[in-house]
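A.B. asks: Read off the chains here:
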Amino acid sequence: MRKYILDLVLRRTSEPCPGYVLLQLTDPERPLPDMLPGQFVQVRIDGSPSTFLRRPVSINLVRRECNELWLLVHVVGAGTRALAGLREGAMVNVLLPLGNGFTLPRLSDDRLLLVGGGVGTAPLLYLGQEMLRMGVRPVFLLGARSASDLLQLDLFRQLGDVYLTTEDGSAGERGFVTQHSIWQTSQFFSAPASTSSHPFTRICTCGPKPMMMAVARLAREKGIPCEASLENLMACGLGACLCCVEDTTDGHLCVCTEGPVFSTDKLKW
Amino acid sequence: MADLTTHLGALTLKNPVLTASGTFGYGTEFADFIDLSRLGGIIVKGTTLEPREGNPYPRMAETAHGMLNCVGLQNKGVDYFCSHIYPQVREIATAVLVNVSGNSPENYAECARRIAALDNIPAIELNISCPNVRQGGMAFGVTPEGAASVVRAVRAVYPKTLIVKLSPNVTSIADIARAVEAEGADAVSLINTLMGMAIDAERRRPFLSIGTGGLSGPAVKPVALRMVWQVFEAIQIPVVGLGGIMNATDAVEFLLAGASAIEIGTANFIDPTVSVKVVDGINDYLARHGFASVSDIIGIAHQA
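So the protein sequences, as listed, match chains A and B.
Each residue of the first sequence is one higher than the one before, starting from 0 at the first, in numbering that gives the first Met the number 0.
Each residue of the second sequence is one higher than the one before, starting from 0 at the first, in numbering that gives the first Met the number 0.
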């Protein structure tokens, strides 16, 4: 896919949960380029000497009807704080679209379970939107520390079925996403015995690495293909610096160009 | 339009702006952003005789005005380059140079010999200054004898333009440059990265997988500029300057210090279009100051 360097305009900035910022960006000149769920953008941060490099941010949503690109950012350091401090109307320089993206459903009877934790839920929103557009209703399993950390829940519920876990039990089931009772539901995880049964054909996951590793283990046990989106530290985002490599069955591969989405069979987890 | 052509030995570049090895892939990664034919040249990724996996992750740490890396020369080896990469890069309408690394003089020479057979690669940059590999790399570049031994072996088998990339992690870079010149190098490039490290205070451990890494970016520019200045005074062969060049003004400073060409490295990560902006900016500078050609400003800060 052709990549672009664009000056986008920040149309709206908001705080969906404390510690997170949602940037709604638009290109006032022309339609935004094609972007796939799971791809990411490299956002330029200007000003501070400690935020020298761009920051990779996954694509949270592309809203074609209003030409908007959404980036959901967890504010953790100087770079993300700078993004959180941007005012509406600010110019934001981005490289996009980068990386490969999730495998989209091929058949309408493909059943995908999208498992996200923390800010890792961000790219699953766009994936869910595009799946629904293709006629496949997504099923989300989302986890967070507590109810107040669950991001964009209303939007996920508009797209598909949502199952929740929180570590403190304040919403959904108590525990981690891998402890949710959905994993024991035969309707989802056994061969179709009747027409009412729809087992999952693939799992897509994004979140903290320990969570994704646990999801990958469960998927392997149940014999379901699994894709995970990684977020290794990177400099260029273009496959030039070779800093973001992940150890795979094919050797060191760049997360920015060979990923960020990998089949978990390929990862040395 | 000023005359931007510049010379490194027998190699003529259409302008003095090269992209530094390890920061620009094989050029093709940047083709969506810029017209590669506008560059003076592209120096592709460090290539070794055998394939190398490089160092474990994490390989990068952001620092004040710069970054550390410890990639460790990950590449698929010279034969893969010749069979798979060369057919793509040979069509790029600019000088494509290969950065060559190794672990013994013989090993460097064999890699160089295989690249010498490629018609459209007019020059190599010999990397005797990688700080991130245990064997070879910088080990050769920190003594005049070590540097000379590698250049001697490569010069014997490589007839085209030979540029030697020098390490700043030495007491006297001018001594290394003289040793390399005496063995028949056509040019030197400097600086490679400065050895540094970062420590993760929360985890109480070095941040990078191998502990140390090479520092690049604007943080190193004053050091690089000083070394280019000193080496220009020490040798007769051309100097290629690099280290923290972020814009055309930085590039012009290196030309004034004595560089016949410059390389853009880490800046490519922040702005993939920066290299062509520097070409335009050098041209604007020459016009603004009434110089007809870039060769008119090389080293002229020494005349003051």
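Hints are supplied without guarantee of correctness; some may be wrong.
Stated by the list, open to error - Keeping only pairs whose Cα atoms sit at most 27 angstroms apart, straight-line, the calculated BS3-like set for lysine-lysine is:
(1) B:K159 x A:K2
(2) A:K267 x B:K75
(3) A:K265 x A:K2
As the list claims (entries may be wrong) - Pulled from the structure, derived: some chain B residues nowhere near chain A, Cβ distances all over 10 angstroms:
(4) T22
(5) A115
(6) I209
(7) T265
To be verified - Pair by pair, the computed Cβ-Cβ distance ranges are:
(8) A:K208 x B:A115: 42 to 48 angstroms
(9) B:D78 x A:S49: 25 to 31 angstroms
(10) A:S49 x B:A116: 42 to 48 angstroms
Calculated directly from the structure, the hints in this document are not laboratory data.
Ideal Cβ positions, reconstructed from N, Cα and C, are used throughout, including at glycine.
A.B. asks: Compare the structure with the hints numbered earlier in the document and write down the numbers of the violated ones, lowest to highest.
C.D. replies: 1, 4, 7 and 9
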